[in-house]
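**Q** Based on these hints, arrange chain B with the ligands on the given structure of chain A.
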Amino acid sequence: MSQIHVTTKINGDETEFLCEPEDTLLDVLRDRLGLTGAKEGCGTGDCGACSVTVDDRLVCSCLMLGAEAEGREIATIEGMADGEVLHPLQRKFIEHAALQCGICTPGILVAAKSLLENNPDPSEEEARYWLAGNLCRCTGYDKIIRAVMDAAAEMRGEIANDPDDSLRRAS
Amino acid sequence: MALDKQAETAKRQFKVVGTRPNRPDGIDKVTGRARFGADAVAPGMLTGRVLRSPHAHARIVKIDASRAAALSGVKAVVTRADFPEPPAHVADVLDNCMAGAKALYDGHAVAAVAAVSPAVARRALKLIEVEYEVLAHVTDVDEAMQPGAPVLHEGRTDETVPEGFSGNVISRCEFGHGDIEAGLAKADRVVERSFRTAATHQGYIEPHACLAQMGPDGQADLWCCTQGHYMVRNTCAAILGMEVGQLRVTASEIGGGFGGKTTVFLEPVALMLSKKAGRPVKMVMSREEVLRASGPTASTSIDVRIGMTKDGRITAGDAVLRYQGGAYPGSPVGMGSMSAFAPYDLENVRTVGFDVVSNRPKQAAYRAPGAPMAAFAVESVIDELAKSLGLDPLDVRIRNAAVEGTKSSYGPTYPAIGAKATFEAAKAHPHWSAPLGENQGRGVACGFWFNFGGDTCVTLNVNLDGTVSVSEGNPDIGGSRASMSMMAAEELGIPYEQVRTIIADTGSLGQNEVTDGSRVTFAVGLATIEAARQAIRVMCARAAKIWGIDEDAVVWEDGAAKPAGPNAGQFPPMSLAEIAAVASNTGGPIAGHCEVNAEGAGVSFATHIVDTEVDPETGAVKILRYTVIQDAGKAVHPDYVEGQFQGGAVQGIGWALNEEYIYGEDGRLQNPGFLDYRVPVASDLPMIDTVILEIPNPGHPYGVRGVGETSIVPPLAAVANAVSAAAGVRLTDLPMSPPKVQAAIQAARG
Ligand code: FES
Ligand code: FES
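If you're matching them up, the sequences are chains A and B in order. So that you can map any letter, position 96 of the first sequence is 98 in our numbering, and since no number is skipped, the others follow by simple counting. So that you can map any letter, position 449 of the second sequence is 450 in our numbering, and since no number is skipped, the others follow by simple counting.
Do not rely on the hints blindly, as some may be mistaken.
[Said to hold, decoys possible] Listed next, the stretches of chain B that the computed footprint assigns to chain A, with coverage defined by at least 3 CB atoms under 8 Å from CB atoms of chain A:
{"id": "1", "stretch": "34-41"}
{"id": "2", "stretch": "397-411"}
{"id": "3", "stretch": "674-683"}
[Said to hold, decoys possible] Quick list of simulated restraints, FRET-style, between CB atoms:
{"id": "4", "chain 1": "B", "residue 1": "118", "chain 2": "A", "residue 2": "160", "range": "48 to 54 Å"}
{"id": "5", "chain 1": "A", "residue 1": "123", "chain 2": "B", "residue 2": "751", "range": "48 to 54 Å"}
{"id": "6", "chain 1": "B", "residue 1": "219", "chain 2": "A", "residue 2": "7", "range": "41 to 47 Å"}
{"id": "7", "chain 1": "A", "residue 1": "87", "chain 2": "B", "residue 2": "118", "range": "35 to 41 Å"}
{"id": "8", "chain 1": "B", "residue 1": "60", "chain 2": "A", "residue 2": "46", "range": "31 to 37 Å"}
Think of the hints as simulated: they come from the structure by calculation, not from any bench. Ideal Cβ placement from N, Cα and C applies to all residues, glycine included.
With the rest of the complex left out, here is chain A (with noise of 0.2 Å):
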């Protein structure tokens, strides 16, 4: 069986990589690339572990053949922050305890983040609809939306970056 040959741009960098026909972009991320970010919970679209835009559109990439990312633009959690200067929504998710176990973070800030690019002033039922495809099975979604609901305040320049938040909080 002869592999495919692919040139995409991930996370802004060119990228060439051999793949299985067979092979889902999940695959290629995690197995070939060494980008283990993307999770895989379910393998068949359920869970969302594995979101991450392509052409600025959110998919699962397991459900995606890596040979399909040919001449795309993919984005993965590992693009996500700026160096060292966390997105709004990683800062906000550590702060707001937003995460337990962590699994589902990865696949659930790159949902969140292309739902803010969508829609800046989600309520809070669209947070919830837009995240109903990433499973978390620690938080029960509370502190997860009330981060989302945060960064998205924040990126809108409605609250000022408060380094003292947690401490405010715990008061």
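**A** Structure of chain B with the ligands alone, referenced to chain A:
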């Protein structure tokens, strides 16, 4: 063990404990850097795959793997024949990992291969020929108990089981005190009902995964996602006939467990494949394998009888609990029976439990194993009694609450506990008196969990620059490294940021129990505090040496040694960093450690209030509002305590409304995927409000109680009580899926 001055607990002013700092692994986890079970690689690594039985019950007549072994790229094939005869205590575990004489459930492992790629491994599995003699099967708990049911194991029934049951009934247990019939005779009303709950799965998002490497010298390394790498080491070593010290297990970051990762499935197989292949072998379960062949919880059938006086006093409580725990003995019926009536102070109480096997995967622990189903049955009947007598369900619970000095339904007499406090807080909560609309109903229920301690080791090293490294042996499943760093910082009097806690591998510390029983913050916390106290004693001695005074004349305050007594004020305090910097000259490196079998984990109680709306046409249930009130003893990191409350509540909501193992006539699991095994998603839910009560646990230096499990105990009953109120008919069969709710409404309307 008893730590000194535990009584100081209650009044202590904490500086770090009780705040909400960022967790140390936060950045790794939000950037995708954290390495979970399936994220590890090794040079020359092979892919391992398991062949699983398509039959619910079958004798394995013959396995011919010769064609698979001959396939190019296949490096090892393993069947049960490759394993030595196991010691008795791991015989069932091995049989579950790799079937022996019989396949006992759909998905039971019968063979495994290691190959150079996943594609070759998949092809190899197809070439393994297994000859089965298909046997009659049984998957329902009540059917499995009937005489004449297909029997899984001959001769496993013990002497506690009376005549008249099939050989699938393994044991019977009984708890309680008083005289049930005399108690019922005093009641103004007696309600008797039968309940059923479906098996559910923990539903951790990370499938089981491991990477094993065994050399020809018998030394082995294993990387895996587990709640207890010491358990993995001990179990695998026993199964493979290895010395424990030859196997080093490293716990990966773990993507959820909830009890489901407290045993082994792939690990002994991966080690055996690696041994035969002479190369590292990585194995990862698919979601379908997780659902078919890991350890879901028991399905149950429960009868409850409770008598109550007009003014709400319970005169007697009686329950019979039947739990099927899958293909091997060991369902959590004992803990269900012990916990059923635990929140109450009862004169007459009895629970009888039956442990039953059936052709389903062997159950594993699931968060407060056994308790949610028992609480569902008991709390439903209490609700029904209260309502039928025109009483407030919370007043009834307050009236009957177990308190300090109550002889519990399962034996021990309670020390200070929080049952009544949670009832009273629920009654006072605005949620309890908020108005409801049409087709809406409110439910309340209580839950209890024992909490555990157990073997624990912690080492705390004071580094040269005054930072502190804590090594512990319990996988961090929800932020526990933060809690350990906080308790170490609290005790040492230094900032949280100066402490870093890691999870050590099995070669680095002594035996540690599994991350279960809500034990980690309690037991590892207790050991961390003791290790810090030991390091403080060393640092005081070093300061005394430098100052040339008596060791006893030095005290530790605010992160520094200070001369005390007659020497007070004679020397300026020496900070931890200053003492650490000169440690080499004063006697060498400074550390503290603690090895303990931690006792005194305080029991915990929770009360949940939930509002639901039922669509009478479709039977669909919407959760409108949810409040969790739970006693945490002392909340070390309140964010993660709230998180445990919320996560447990939502898992319980799933159990109550959606989640269910569905077996077909053929004994095969019909819904082995997240599409049909539906766990709650964000759009199903409201925010989950939390109230943390702090009734200090006298068994912990800071008063900490475990909080991880209790939160899943009340929701089944709380939601059922709310749905029953909204639907106008009592629901007794979980999950309350729309067709069931709709049918119940139709039947009630006649
Ligand atoms: S792994 Fe792709 S959706 Fe679950
Ligand atoms: S934090 Fe564990 S699954 Fe979401």
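**Q** Hints numbered earlier in the text: which of these fail when held up against the supplied structure?
**A** Violated hint (a single one): 2; every other hint is consistent with the structure.
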